[in-house]
Each structure stands twice: as C-alpha cells, then as structure tokens.
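Participant: So the chains spell out like this:
Number of protein chains: 2
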Amino acid sequence: MDGVRVIEIKKSIFADNNEDADALRSELKRRGTYLLNLMSSPGSGKTTTLIKTINLIKDKIRISVMEADIDSDVDALKIKEATGIDSIQLHTGGMCHLDAEMTRQGLDNLPLEGVDLVILENVGNLVCPAEFDTGAVRNAMILSVPEGHDKPLKYPLMFSVCDLVIVNKIDVMPYFDFDMAKCEEYVHMRNPKARIIPICAKTGEGVEKVAGWLLEEVNNWKNK
Amino acid sequence: MDGVRVIEIKKSIFADNNEDADALRSELKRRGTYLLNLMSSPGSGKTTTLIKTINLIKDKIRISVMEADIDSDVDALKIKEATGIDSIQLHTGGMCHLDAEMTRQGLDNLPLEGVDLVILENVGNLVCPAEFDTGAVRNAMILSVPEGHDKPLKYPLMFSVCDLVIVNKIDVMPYFDFDMAKCEEYVHMRNPKARIIPICAKTGEGVEKVAGWLLEEVNNWKNK
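Chains A and B supply the protein sequences, listed in that same order.
So the first sequence is numbered by our numbering: it starts at 98 and just counts up by one.
So the second sequence is numbered by our numbering: it starts at 98 and just counts up by one.
The hints are simulated quantities; they were obtained by calculation from the structure and are not laboratory data.
Since we're looking at a predicted model, the values are computed, not measured.
Certain hints may be false.
To be verified - Derived DSSO-like pairs: lysine-lysine, alpha-carbon spacing no greater than 27 angstroms straight-line:
hint	chain 1	residue 1	chain 2	residue 2
1	B	Lys107	A	Lys108
2	B	Lys157	B	Lys126
3	A	Lys108	B	Lys108
4	A	Lys279	B	Lys175
Whole structure, please, built from the sequences with the hints as guidance.
Facilitator: Shown next as structure tokens:
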C-alpha cells in the first residue's frame, strides 16, 4: 500500500452531531474548502465515478479524497494511482457511517492548505450514512441501473438529503428493467430540487456534467 | 395494499441480543420451524430470488415470508401475488437492521402453526444486519454481479456470518468485470465453509440449487 495513508477512525464523543456538523462547515467555509459527501450502495461505482470526474477537473481546482471503508484499502490506492491526487483511506472499524466528528478526524490528516475540494466517499450503505450530517456542503449519491428505479421508494431518507443523484451504469440499461422516467419521478418525490445526472463511469459518458456541477458548486461556495 | 399486513417494528429493549437470539432459535426448534435470514445490498434481487425459490418448494413445505423495509410495502405484496404464500411487511421506521427481538415481533404476527420455513428478508444493507443475530438458523446473502467480486474484501463481517452466498444476475456477466473465481476465493477467505450458488433469478437459472439447499436445511433442522 505504498503512498496511501490509512486512518483508523474513532467513535465520536460529541452529543449533538448537527451542531458539530454546522461548526465543521463554518471552519471549511473560512478555509475556502468545499466538502462533498458521496454516498451509495455497495458496488454502485463510487470510486470509478470519482476517478473519471477528478481527471476532468484536477487541473482547474485542487482536490483531495477521503475514502471511508470498513476494512479494505483498495479504493484510496485506486484513486491515487488513477488521478495522482492526495487520497487517504479512513477505516471505520465496522461502523456503518461517518458523522461530522469522524469526518473531521479524516480532514485532520489531510493537508488542507490551498485545497478547494475534498470529496468524502462514505461507506457503501443507503441507510445509516443518510442519518448523519458529515459537515459537507452538499450530499450526492450514486444509484446504479442494476439496483432498480424503485430505490427512492425504499430508502426515502437517502434520496431526500441528496442534492445530486448520479444514475450510473446507463450502458447496461438494455439488460435491466430500469425506467428512467419513473426513477426521476421517485427521486423528485423525495427531493423536488434534486439534480439528476445519468452517466456511465466506465466509458465516461455524462461525467462532464458531474464535473461541471462540482466546479460550479465549488466556485459558488468560495464566492458567496 | 389489500391482503398484506404491515407491522411497525419497535426498538428492542433487550440488553443481550445474542442471548435473546439463542432463546428464539430454541423456541423455533421446539415448533419445528426453520428461520432463514436473507441479506444483501439494495437492489441485488432478494425479492425476485425468493419468489422463484418459493415457487419451486411451496408444494413440499409450508412457508411464510417477512419482508423488512424501512418504509415501503411493495415487496410483501409482490411475494404474496407471485407465490400465494403468507407474507407480511415489517416496517423498521428508519432502523438499518433487525435483531432477535425485532424478528420476534414479526413472528408474533404470523400464524406459525405447521409452518416449516420462515424467510426473513432483512433490510438492504451489507453492514449493520451482519452485526445482529436475528435468531435465524442460517444466514444467507445475495451478491449480484454488477456489485463486483471484491465485496467480500470490503464487507468482511457480512461474508463471514453467511453460510450461503447466492451470486445473482449471472446473465449480465458479459457486461461487467466480474471474476467468479476471485469471488469464490474472497468469499472463502471470510468463511471457508460458505456454499456459493450462482443464479439468475430473472430466468430461474440455478434457483433449483438454492431450493435444494433450503429443503435439505429445513429437513435437517426438523430431524436432528
């Protein structure tokens, strides 16, 4: 695992996570650093989507990545090898989500000086991560075509807290019963303002829209 | 939702879930009822797999199903319509898993008299459900091809507690980078005794092996 640091995350001691998350957001605002919390089911393509997106914008803004995982180190190494950017692995030691204090433990291990964007890849789970504000400016999630268009019905909180829903693996749409119109209807039932971007991370199709959304977000955060 | 009962599950009050799970298993043993706990990621095909499996064995043994979900009722209705068997929906009210006491709340709402097999479809989540013994005789999980063969590396506990790993959606294998040999290697790294059955729930391919495993399990439980 040469060149990838692994941080063992400890359980939080803060009683009020929402308060702590607001405090973290204020700190990040002062530093001019935008934090994105990226969530999804296991195997929806978070890491591949990140790699493709980062490679489109890494010459324009400075980016770091925190990869949360219960145990393995494969994702942080993949990101580092494929993009060359700073990437650390956060081990949650079995914990199913990250909260603001756990996110801060990760940030404390990154050089944040001059960093415009930190992306937190949360634990693969549509339930628990949605319940905890990490201190991120925005939440985004990836729903992959093989999972089915009915997921917003089954995991309501996840879809209601996300500002961006990336629909990944659209290349395999012909082999699955995935109805994009129904997907959009269900997502907007949970969050009428959610932006939906269909992509294929493998081929890169649509990823420029995700990159564009992120660049605009980061610029707005710095300038508002 | 005609004909499907929805049970709102309450948080458990028991301090020692392992003890409670053992007690539930003993009760089920006395009744001659086998309980299977089926877990997976969201969208891996649990409900379709159940429907196909149940239709192969429902004339041989008496089966009931409990569908756990955070919010929706679609799965219990689907099971009932497609198989004709007793099926209830358990609402976890946002909770990410079921423990033994929550499972008991569901069982209390089923007619168990003469029922040979109860299948619990747990919340779609590879993290938290693995941490709680539900009182089931066995744990099974479904890993679908689009999720990738590396999942046993990333969700170690889930794979170590499962006696059966069903690899679903093998029909789309040509469109994904899924290595079945690696998958088997990683599963057995977590649990050397785990049985692995590749299937396509959509077409029914391989489902007879799952049905055969279940029938044998139920018979052994009754007769040992």
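Participant: For a C-alpha distance cap of 27 angstroms, please report whether Lys279/A and Lys175/B respect it.
Facilitator: holds (18 angstroms)
Participant: Please verify whether Lys107/B and Lys108/A have alpha carbons no more than 27 angstroms apart.
Facilitator: Satisfied, since the Cα-Cα distance of roughly 25 angstroms is no more than 27 angstroms.
Participant: Straight-line Cα separation of Lys157/B and Lys126/B no greater than 27 angstroms?
Facilitator: Within the cut-off at roughly 19 angstroms; holds.
Participant: Verify the proposed pairing of Lys108/A with Lys108/B, using a straight-line Cα cut of 27 angstroms.
Facilitator: holds (22 angstroms)
Violated hints for the displayed structure: none, as all numbered hints are satisfied.
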